[in-house]
Each structure stands twice: as structure tokens, then as C-alpha cells.
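J.: Read off the chains here:
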Amino acid sequence: MSQIDTLREIITSFESAYRSTPTKLKLLDAFSVCALLTAVLQFVYAKLVGTFPFNSFLAGFFCCVGTFVLTVSLRMKVSEGGSGSGPREFGGYALAMLTLFIAAWNYVG
Amino acid sequence: MARAAALALILALAIGRAAVGGAAAAEGAISLSGVTVSVLEASGSVADKHSVTGPDARLRLSLDHTRTLKVQLTAALAGGDDDFRPQQAFLRLTVRGSGDAAYFAATKAKGGGLVVTAKHDELQKQVGTQPGTYDAALLVGDSRSAQPVDWSLGEVKVLYAPQDDGSQPEAKPYRTLDATFRPKPEILHQHRQPERRAPAVVSLFFSLLALAPLAAYVVMALSLGANLKGFPSGAAFLPAAAFHAGLAAICALYLLFWLQLNLMQTIPILAALGTATAMFGRITLQGAAAGAAAKPPAKQE
Numbered sequence: 281m282s283q284i285d286t287l288r289e290i291i292t293s294f295e296s297a298y299r300s301t302p303t304k305l306k307l308l309d310a311f312s313v314c315a316l317l318t319a320v321l322q323f324v325y326a327k328l329v330g331t332f333p334f335n336s337f338l339a340g341f342f343c344c345v346g347t348f349v350l351t352v353s354l355r356m357k358v359s360e361g362g363s364g365s366g367p368r369e370f371g372g373y374a375l376a377m378l379t380l381f382i383a384a385w386n387y388v389g
Numbered sequence: 005m006a007r008a009a010a011l012a013l014i015l016a017l018a019i020g021r022a023a024v025g026g027a028a029a030a031e032g033a034i035s036l037s038g039v040t041v042s043v044l045e046a047s048g049s050v051a052d053k054h055s056v057t058g059p060d061a062r063l064r065l066s067l068d069h070t071r072t073l074k075v076q077l078t079a080a081l082a083g084g085d086d087d088f089r090p091q092q093a094f095l096r097l098t099v100r101g102s103g104d105a106a107y108f109a110a111t112k113a114k115g116g117g118l119v120v121t122a123k124h125d126e127l128q129k130q131v132g133t134q135p136g137t138y139d140a141a142l143l144v145g146d147s148r149s150a151q152p153v154d155w156s157l158g159e160v161k162v163l164y165a166p167q168d169d170g171s172q173p174e175a176k177p178y179r180t181l182d183a184t185f186r187p188k189p190e191i192l193h194q195h196r197q198p199e200r201r202a203p204a205v206v207s208l209f210f211s212l213l214a215l216a217p218l219a220a221y222v223v224m225a226l227s228l229g230a231n232l233k234g235f236p237s238g239a240a241f242l243p244a245a246a247f248h249a250g251l252a253a254i255c256a257l258y259l260l261f262w263l264q265l266n267l268m269q270t271i272p273i274l275a276a277l278g279t280a281t282a283m284f285g286r287i288t289l290q291g292a293a294a295g296a297a298a299k300p301p302a303k304q305e
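One line per chain: the protein sequences are V and F, in this order. Letter by letter, the first sequence follows residues 281 to 389 of the numbering used here. Letter by letter, the second sequence follows residues 5 to 305 of the numbering used here.
Hints may be right or wrong, so weigh each one.
Within a straight-line C-alpha distance of at most 27 Å, the following computed BS3-like cross-link-like pairs (lysine-lysine) qualify [unchecked claim]:
hint: 1; chain 1: F; residue 1: 53; chain 2: F; residue 2: 129
hint: 2; chain 1: F; residue 1: 233; chain 2: V; residue 2: 306
hint: 3; chain 1: F; residue 1: 233; chain 2: V; residue 2: 304
hint: 4; chain 1: F; residue 1: 188; chain 2: F; residue 2: 161
hint: 5; chain 1: F; residue 1: 188; chain 2: F; residue 2: 74
hint: 6; chain 1: F; residue 1: 233; chain 2: V; residue 2: 357
hint: 7; chain 1: F; residue 1: 114; chain 2: F; residue 2: 74
hint: 8; chain 1: F; residue 1: 114; chain 2: F; residue 2: 176
hint: 9; chain 1: F; residue 1: 74; chain 2: F; residue 2: 123
Just so you know, the hints here were simulated from the structure itself, not pulled from any lab data.
With the hints as constraints, model all of the structure from the sequences given.
T.: Printed below as a string of C-alpha cells:
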């Protein structure tokens, strides 16, 4: 029982701490969760239906995973840099995303 | 065995020609005696035995896949040697219907005379699998006689090893001789079998499902209070708008690349768009970073 209480405590403290997170970071979190969810859906499709255009599956899946990773790194940069940082990181993020996308599109076929 | 059959055919033709033309050296007629037709079991025991005395015997024999047909005969030439051995002596089995024929050559028997053995598998080698009724004939010819002997022995019912359901196998006629000269089956180009595809409905459904998180993100962002109020206005608006338009244009270019362009067409356009976008981006982001009070543009990309 005490373990469950501890768990609940952790969750509530996390919730209250997360509430004070800037909206910018919340948006980034939401976006990375969505990217991960899309990757999971594609994986489920491949498991259930089949990986027929296998290159397309790989492209889509890794594009989502890559997006997730890049978004998480942007979030880390932004959160540690304080309110002043952001635009510079966003430029790098946009460049990285565009590179990832052209690689993925190229692989979709 | 194919060669033996071919030789037999040629010799059989030679007999016919000799009969028509009438060989100059012909002396007397060939007579047969002691003709015995027997069907032997695999063990060698006699299952059926008939004695044939004339050229039109109407025997009814049955030859299944374990049995052997054996014909014993003695040939004599009128006015010839006592120990006459004909140059050609064959048993011919003709399939009723297809007309294919198998020939079995006679050999010298131990106790004098001639013997022909027609094994079932040898028959199958010559005419293929053709279950049904065959006409049996005995052919004897020699250059010393103008008239060859052609005795009809009757019919032989040929049975093959039955299939699992007890029926006879389907007829697959061929002759080894013909098979040698028959064109080989044409080699056709074969395409790889297309892979099994899921129904389009399922794929479409999953496409929508994969897009759902994006829609959910938009809804979530709006509920979190995202807005475009931080978007630069005034003098900074133009580069910021150009930067975002450039990003959108690059994404659209990627879509075109996927749909119709190739990489070599895409890269120059991408280079131009990328340079412009980078330039406007630098102005925009520098301005955003410089204005400490000003909020960076909300990412609603």
C-alpha cells in the first residue's frame, strides 16, 4: 500500500511541478509525444497488416523517431538556456528537421 | 531402349517394303509353329497361357503392372535350312485409339525357337502411360521370303498401378523416340509474384489513424493556449513571414519530390529555397533573440 501511496505522491508532485512548466515547453512535449504515438501506430500497422512497402515503413517509422529525438533535444536546449534562448536553437532545429525530412522522403520511394 | 524401338520400326518398315516389292532372293513362305502366348506373374508363375495356331487368334489377355507377356514361337522357312532363324521377329502392341505402338524383339530361346518378353515397364517406356486395350501382333520377316508373317494375337488389356482412389492414372502418351525430337517446352519469362497487399480500406484507415496524433496535437496546443501573438509585427514582420513561407515552401517541395520530381531536379530548387529561407531566418531569429522582452514566435509549424 505504501508503495502505491509513494507512486501517487510522485505523480501528484510531478503534476504540480509540470503545471509551472512554460507553455513553450509543454507544446514541445506534446509534439514529441505525438511523434512517438505516430511511430507506434505505424509499428502496430506493420505488425497487424504487414510491412509490404518495407522501405516506406522504415522511412515513416524512423522519420517519427527522428522527429521525436530532435524535438526532445530542442526541449532540453531551450529548458536549460532560460527564457532568452530559443530562436537560435529553433534555427538549428528547423535545419535538422528539413534534412531528416528529405532523407525520409527520399527513402519512401 | 529407344534405339531398340527405332531399329524395330525401321525393320518393320523394311518388312513391309519387302512384301510389296517382292525380294529377288525370295524362295518360300515362312511358317510359324508352337506359338504360345502366356502371361507371367512377377514370381514367374504362369497366370494365363494360350496356344495360337492361326493368323487371327482372338485372345483376351490382361497385363497389369506386375505381369509380363511372353510369346514363344518356332519359325520355319519352306525349302530353307532346318535351323531357320528369321532376321526379324517382333511382338507389336498397338494402342487402340492413339495408334502408338511398342515393339519387342524376339531372342533365341534356350530350348530352340524364339521367345519374346514384353515387360510392363518396358511397354510404358515405349508408349508412355496409356491404360486401355492394345492390339497384339506377331511380325516375322526375312529377306529369304517374299511374304512376311503378320499374325494378330488378339487384344491385351493393359492396367497400370492404380492410384490412391483405385482409378487408373490419366493417359500421358509419348514415345521415347518422339520425345527425343520433340521441341522442349518454351521457357517463359516469369515475373515475381506480387506480394499480398492489405485491402485499401485498412491502409486508408491506418493512414488516418497515423494522422490523428497531429490533429490531437493541434487541439492540445490550442487548449494549452498557444497563439500567434508573439509573431513579429511592423518592420520585422516581412522577414519572419518570408522565413515561415520558406519553410512551408520547402515542405511543399518535398511533397513534389515525393510525387513527381527526382533528386537531381529537387536539389537546385532546394538550394535556392534553402538559401532564401536561411537568410530570412537569420534576420528573424536574430531579431527575436535581440528583443529580450519580445517573445520568440510560437512554434505552430
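J.: Check the hint pairing residue 233(F) with residue 357(V) against an upper bound of 27 Å on the C-alpha distance.
T.: holds, 23 Å
J.: Verify the proposed pairing of residue 233(F) with residue 304(V), using a straight-line Cα cut of 27 Å.
T.: Satisfied, since the Cα-Cα distance of roughly 13 Å is no more than 27 Å.
J.: Mind checking the alpha carbons of residue 114(F) and residue 74(F) for me, to see if they're no more than 27 Å apart?
T.: holds, 14 Å
J.: Run the distance test for residue 188(F) versus residue 161(F): straight-line Cα separation, threshold 27 Å.
T.: violated, 32 Å
J.: Residue 53(F) and residue 129(F) were given as a pair; does the straight-line alpha-carbon distance stay at or below 27 Å?
T.: With a Cα-Cα distance of about 25 Å, the restraint between residue 53(F) and residue 129(F) holds, given a limit of 27 Å.
J.: Taken at face value, is the distance from the CA of residue 123(F) to the CA of residue 74(F) at most 27 Å?
T.: Given that 27 Å is the threshold and the Cα spacing comes to 8 Å, the pair holds.
J.: For the pair supplied as a hint, residue 188(F) and residue 74(F), confirm whether the alpha-carbon distance does not exceed 27 Å.
T.: violated, 36 Å
J.: If you draw a straight line from the CA of residue 114(F) to the CA of residue 176(F), is it 27 Å or shorter?
T.: Given pair residue 114(F), residue 176(F) is violated - Cα atoms ~37 Å apart, limit 27 Å.
J.: Quickly compare the C-alpha distance for residue 233(F) and residue 306(V) to 27 Å and report which way the hint goes.
T.: Measuring from Cα to Cα gives roughly 17 Å; hence the hint holds.
Checked against the numbered hints listed earlier, the structure breaks hints 4, 5 and 8; every other hint is satisfied.
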